[in-house]
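Please construct the entire structure, taking both the sequences and the accompanying hints into account.
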Amino acid sequence: MPHGFAEIAFTPTVKRIQEDMGSRAAYARMEDVPVPVNVRLEDAEADFIQARDSMYMATVGETGWPYIQHRGGPRGFIRVLDEATLGFADFRGNRQYVSVGNLQTNDRVSIFFMDYPNRRRLKLFGRARVIGSEQAEILARLEVPDYRARVERGILISVSGFDWNCPQHITERFSAADAAV
Numbered sequence: 001m002p003h004g005f006a007e008i009a010f011t012p013t014v015k016r017i018q019e020d021m022g023s024r025a026a027y028a029r030m031e032d033v034p035v036p037v038n039v040r041l042e043d044a045e046a047d048f049i050q051a052r053d054s055m056y057m058a059t060v061g062e063t064g065w066p067y068i069q070h071r072g073g074p075r076g077f078i079r080v081l082d083e084a085t086l087g088f089a090d091f092r093g094n095r096q097y098v099s100v101g102n103l104q105t106n107d108r109v110s111i112f113f114m115d116y117p118n119r120r121r122l123k124l125f126g127r128a129r130v131i132g133s134e135q136a137e138i139l140a141r142l143e144v145p146d147y148r149a150r151v152e153r154g155i156l157i158s159v160s161g162f163d164w165n166c167p168q169h170i171t172e173r174f175s176a177a178d179a180a181v
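Residue numbers (this note's numbering): 1 to 181.
Calculated from the structure, these hints are not laboratory results.
Do not take every clue at face value.
Stated by the list, open to error - Here are the in silico distance ranges between beta carbons for each label pair: (1) S23 to G61: 25 to 33 Å; (2) Q104 to E19: 32 to 40 Å; (3) D178 to V100: 24 to 32 Å; (4) T13 to P145: 43 to 51 Å; (5) R120 to V33: 36 to 44 Å; (6) P34 to T63: 37 to 45 Å; (7) V100 to A28: 32 to 40 Å.
Computed from a prediction, not measured in an experiment: that's the story for all the values here.
The beta carbon of each residue, even a glycine, is placed where N, CA and C say it ideally should be.
Have a look at this one:
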């Protein structure tokens, strides 16, 4: 697995389209590396992830349809537990449980971590599992002190691959906290 993200994302059909559109040679170089890359989080990825106050997570349900959900909390609610594992407390929300339900039958996730003010994006593929009170020690590592939301469960994600993305079409946006600085 030379490039974690490319190995997953660049299917034979995607490669054919890249070839047709003239970008295949550049992406082939990305895949042709002697040691695996973008499968273990380094300091740059860990710092970026832990500075986020939200993310977008996609799961796939039993019908085959993808579902994208925004997950938010205070900065740092997403924890990098080690170079291959992320986790976050799953706060009580609208109680539809679509992502949690999808993860019962398909553990694959795709996550976008966005930094709108600096026009940066980290894309990540992984496999997720839901944990509950039976894993109290890990769940305690995911809790966010002084945040009023109720934690219903934790979600752990084993990183399969990731890639930083071009800022070309990321529109700058600023949260109230960003604007106050």
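Cross-check of the supplied hints:
no. : hint                     : in the structure
1   : S23 to G61: 25 to 33 Å   : holds (31 Å)
2   : Q104 to E19: 32 to 40 Å  : holds (38 Å)
3   : D178 to V100: 24 to 32 Å : holds (30 Å)
4   : T13 to P145: 43 to 51 Å  : holds (47 Å)
5   : R120 to V33: 36 to 44 Å  : violated (23 Å)
6   : P34 to T63: 37 to 45 Å   : holds (41 Å)
7   : V100 to A28: 32 to 40 Å  : holds (38 Å)
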